[in-house]
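Chains A and B are the protein sequences, given in the same order.
Each residue of the first sequence is one higher than the last, beginning at 16 in the numbering used here.
Each residue of the second sequence is one higher than the last, beginning at 114 in the numbering used here.
Possibly wrong hints are sitting among the right ones.
As the list claims (entries may be wrong) - One side of the interface only, derived from the structure: several residues of chain A facing chain B at Cβ under 7 Å: (1) PRO59; (2) PHE61; (3) PHE77; (4) GLY119.
Stated by the list, open to error - Derived DMTMM-like pairs: lysine to aspartate or glutamate, alpha-carbon spacing no greater than 20 Å straight-line: (5) A/LYS20 <-> B/ASP172; (6) A/LYS69 <-> B/GLU175; (7) A/LYS115 <-> B/GLU215; (8) A/LYS52 <-> B/ASP151; (9) B/LYS170 <-> A/GLU57; (10) A/LYS115 <-> B/GLU175.
These aren't lab readings, by the way, just hints derived from the structure by calculation.
All values reported here derive from a predicted model rather than from experimental measurement.
Built from N, CA and C at the ideal position, the CB exists for glycine as well.
Okay, here's what each chain looks like letter by letter:
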Amino acid sequence: DQQVKQNSPSLSVQEGRISILNCDYTNSMFDYFLWYKKYPAEGPTFLISISSIKDKNEDGRFTVFLNKSAKHLSLHIVPSQPGDSAVYFCAASETEAAGKSTFGDGTTLTVKP
Amino acid sequence: EAQVTQNPRYLITVTGKKLTVTCSQNMNHEYMSWYRQDPGLGLRQIYYSMNVEVTDKGDVPEGYKVSRKEKRNFPLILESPSPNQTSLYFCASKGRWYQDTEAFFGQGTRLTVV
Chain A
16 DQQVKQNSPS LSVQEGRISI LNCDYTNSMF DYFLWYKKYP AEGPTFLISI
66 SSIKDKNEDG RFTVFLNKSA KHLSLHIVPS QPGDSAVYFC AASETEAAGK
116 STFGDGTTLT VKP
Chain B
114 EAQVTQNPRY LITVTGKKLT VTCSQNMNHE YMSWYRQDPG LGLRQIYYSM
164 NVEVTDKGDV PEGYKVSRKE KRNFPLILES PSPNQTSLYF CASKGRWYQD
214 TEAFFGQGTR LTVV
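Generate the whole structure from the sequences, applying the supplied hints.
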């Protein structure tokens with residue numbers, strides 16, 4: 016039973032446009048969510064996070080939205096740049112669950128010049 | 114430079130030959146974790162450690178062992194590797210397990226078991 020799902024394996028957008036990456040979860044106990052970016056031959060690097068007490072968090076071109084009732088979060092990248100081309104992982108954790116983290120399958124974003 | 118270092122980066126081995134993948138962090142983090150990445154399955158947690166001498170199973174611990182004798186190191190041990198353990202492995206660390214903060218990942222170890 017996959018508790019965190021990224022239903023789009025890939026996404027292609029034009030440079031300058033908005034990229035929207037989606038993530039759904041089933042465990043209502045998840046209360047902290049993160050997005051990581053991964054380039055080929057490198058480890059994932061942290062991008063942005065959101066706590067369940069918020070519904071939005073912004074950091075420059077990156078914004079994460081959380082809809083708790085729908086158990087859905089999304090990452091918006093505006094404007095998209097070719098350097099954003101990477102695999103994006105959504106991750107979730109329960110503060111009370113003592114260290115376990117659950118990741119989605121990842122979405123490969125390609126930003127075309 | 115703050116980093117998580119895994120060794121080796123690439124390893125090809127034969128079925129049944131014990132191996133260890135090392136992981137070291139220089140950030141004085143209490144929490145460390147191992148993941149494997151497989152196509153279509155994302156990152157799955159193997160084992161994690163909340164502090165020295167404290168380890169626990171993640172979602173896919175079968176066939177793996179870990180130890181946490183000192184804060185900076187968290188080796189992953191495959192006592193008898195099998196082909197289904199061919200994967201890309203990542204080690205990660207963060208300050209404390211209960212902190213809502215991001216994890217720092219190593220560069221990965223690509224393991225092939227033939």
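Status of the hints after comparison with the structure:
Using the Cβ-Cβ criterion of 7 Å, the hint placing A/PRO59 at the interface with chain B is satisfied: the shortest such distance is roughly 5 Å. For A/PHE61, the interface hint holds, since its Cβ comes within 7 Å of a Cβ in chain B; the closest pair sits about 3 Å apart. A hinted interface residue such as A/PHE77 counts as satisfied when its beta carbon comes closer than 7 Å to some beta carbon of chain B; here the least separation is about 13 Å, so the hint is violated. Hint status for A/GLY119: holds, given a least beta-carbon distance of 5 Å to chain B, under 7 Å.
Between the alpha carbons of A/LYS20 and B/ASP172 the distance comes to roughly 16 Å, so the proposed pair stays at or under 20 Å and holds. Distance check on the hinted pair: A/LYS69 and B/GLU175 sit about 37 Å apart at the alpha-carbon level, beyond 20 Å; violated. For the hint linking A/LYS115 to B/GLU215, the alpha-carbon distance of about 13 Å falls within 20 Å, and the restraint holds. Proximity of A/LYS52 to B/ASP151 is assessed by CA-CA distance (about 16 Å); at most 20 Å being required, the pair is judged to hold.
Among the hinted pairs, B/LYS170 with A/GLU57 is inconsistent with the structure: their alpha-carbon atoms are about 25 Å apart, more than 20 Å. For the hint pairing A/LYS115 with B/GLU175, the CA-to-CA distance comes to about 16 Å; that is within 20 Å, so the pair holds.
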